[in-house]
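Given the sequences, and given the hints that come with them, work out the whole structure.
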Amino acid sequence: MNTDHVYDQGVVFCKTIGHYTVRSAAGEFVCVLSSRLRKQLVYPLADPSSLAHIVREVRPIEGVDPVAIGDQVTFFETGNGTGMITEVLPRRTRFSRPATMPGARLFEQVIVANVDQVVPVFATANPAPHWALLDRYLVSAEASGLPAVICITKHDLAAPQAGLEETLSIYHRLGYPVIRVSVVTGEGLTEMGAALQGRLSVLVGKSGVGKSSLLNTLQPGLDLRINAVGKGKLGKGRHTTTHLQMFPLDHGGAVVDTPGMREFGLWDVQQEDLALYFPEMRPLVGRCKFGLDCRHDSEPGCAIRRAVMDGSISPLRYQSLMHLQEAP
Amino acid sequence: MTPRQINTDFRCLHCRNYVTTMQAICRVNNRNHCPYCLWSRHLDLYNAGDRLSACKAPMRPLGLAMKPGRNKYAPGGGELMLVHLCMECGRLSLNRIAADDDPQALLEIFDAACSQPPEHFDLLLGRGIHLLDSSSNQLVRAQLL
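Protein chains in written order, with my numbering: chain A, 1 to 328; chain B, 1 to 145.
Take the hints with a grain of salt, since some may be wrong.
[To be verified] Calculated from the model, a selection of chain B residues having no Cβ within reach of chain A, i.e. all distances over 12 Å: (1) 16; (2) 23; (3) 26; (4) 53; (5) 79; (6) 94; (7) 109; (8) 118; (9) 133; (10) 137.
[Stated by the list, open to error] Not the full set, but computed from the structure, chain B residues with beta-carbon under 7 Å of chain A: (11) 45; (12) 52; (13) 55; (14) 56; (15) 142.
Derived from the structure by calculation, the hints contain no laboratory data.
Backbone N, C-alpha and C define an ideal beta-carbon position, used for all residues, glycine too.
Take a look at the structure:
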């Protein structure tokens, strides 16, 4: 570390290509990354203190970006409100997905670091909720050890998807809070505000479900860009939010708005462990005839299949497990 | 069978024959039963093709039933359906006959059903399925052959 610079610590609030906005007690700084953070220095395997401190190899880092929104970082000022990030402090929690980069190898993309809860956002209609995607978010949250709050937007719409309340009751019974909101009628906004208060939350969901509209209503003055969903038969969103950004809330806590995600892969979740991330299936894992070797597909004496048959596990959730086992 | 494998080819659980699910060949959207032995698999729960059942056990063909056609004035109208019984949970289901189903095997199933005692038909009627008996012999043969 160079002793000429004055080092400070702050939190990464906004991220655009190559630039990171860091907030510290001294103010807001637009920082770049030290080249040291983009590479991995490999030292000899023996105790480094017993040898001369010689770098044996320099490798690129194993990740898309070493810095994520919510990261606590050490940086130094370079003048005119700019700075350079030199260190990323250890993360308390992280919410990741595999990066969609060309090439055979997958890399981890940390969406948010040091996050307290995940808020999957789905609309009652336009675009229609995709329950398998919700299960993906929930499994990812469970695997990261994060609680989840399900937010259902556009509750004012006259024609929600058939069976919506029935499906939501499945998640409610599993212990996931389900909050129905409408930015038009104001329904559920107080409840949503209370759920976000004092925590760092990340809003995830497809384009056009109303993540930015919800934030604009919860925190007046943000003026986030919003757009109507497409008028086509499918009613798809239009990718209005294009970058990740964290917004502090007046009543405490902060929310990270994310661009819409049509696909969400699971990172660092082993196929054979998937059932452990479904809370209702967790107690049954290992109780099948084939014990921990059971894939819960068509094996005889499967405890999870039996529970689906007797009605204690929802067939929709079981189908999600099967989907995830096939394409995690 | 995992959800995305549903509309891919499969091997019959009963006769172990290889079955194609190509719509151009079988002319049905959801191919569950084997065209050779006519055994099926319990995959659907609420609607045809939803693939929400966790049972996945083999289903035995019980006989044939007639689904009334939309045109009630057409002579002998309606569509022949295969009746299946799940060997594990006992669920009954009606399935469309596919274009590549073996007509001889279908007739054998029908003949076997006809030789059942009347109580068998009453039992199925009690569960809402009118199994075709020997009185429908001509109609069945006219449709299949």
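Proposed interface contact between residue 142/B and chain A, which counts if any beta carbon pair is under 7 Å: violated, 39 Å
Given as non-interface: residue 109/B, partner chain A, CB spacing beyond 12 Å: holds, 25 Å
Verdict on residue 137/B as a residue remote from chain A, using beta-carbon distances over 12 Å: Its Cβ never comes within 12 Å of chain A, the nearest being 38 Å, so this holds.
Minimum Cβ-Cβ distance from residue 133/B to chain A exceeds 12 Å: holds, 32 Å
Separation of residue 118/B from chain A, once the least beta-carbon distance is taken, above 12 Å: The claim stands: residue 118/B keeps its Cβ more than 12 Å from every Cβ of chain A (closest is about 32 Å).
Given as non-interface: residue 94/B, which should sit over 12 Å from chain A by C-beta: It holds; residue 94/B is separated from chain A by about 20 Å at its closest Cβ, greater than 12 Å.
Residue 16/B non-interfacial with respect to chain A [C-beta, more than 12 Å]: holds, 15 Å
Per-residue hint verdict: residue 56/B, partner chain A, C-beta under 7 Å: holds, 5 Å
Status of the hint placing residue 55/B at chain A (closest C-beta pair under 7 Å): holds, 6 Å
Distal placement of residue 53/B relative to chain A, Cβ over 12 Å: violated, 7 Å
No chain A beta carbon within 12 Å of residue 79/B's: holds, 27 Å
Interface restraint verdict for residue 45/B against chain A (beta-carbon cut-off 7 Å): Nearest chain A Cβ about 5 Å off; hint holds.
Checked against the numbered hints above, the structure violates hints 4, 15; every other hint is satisfied.
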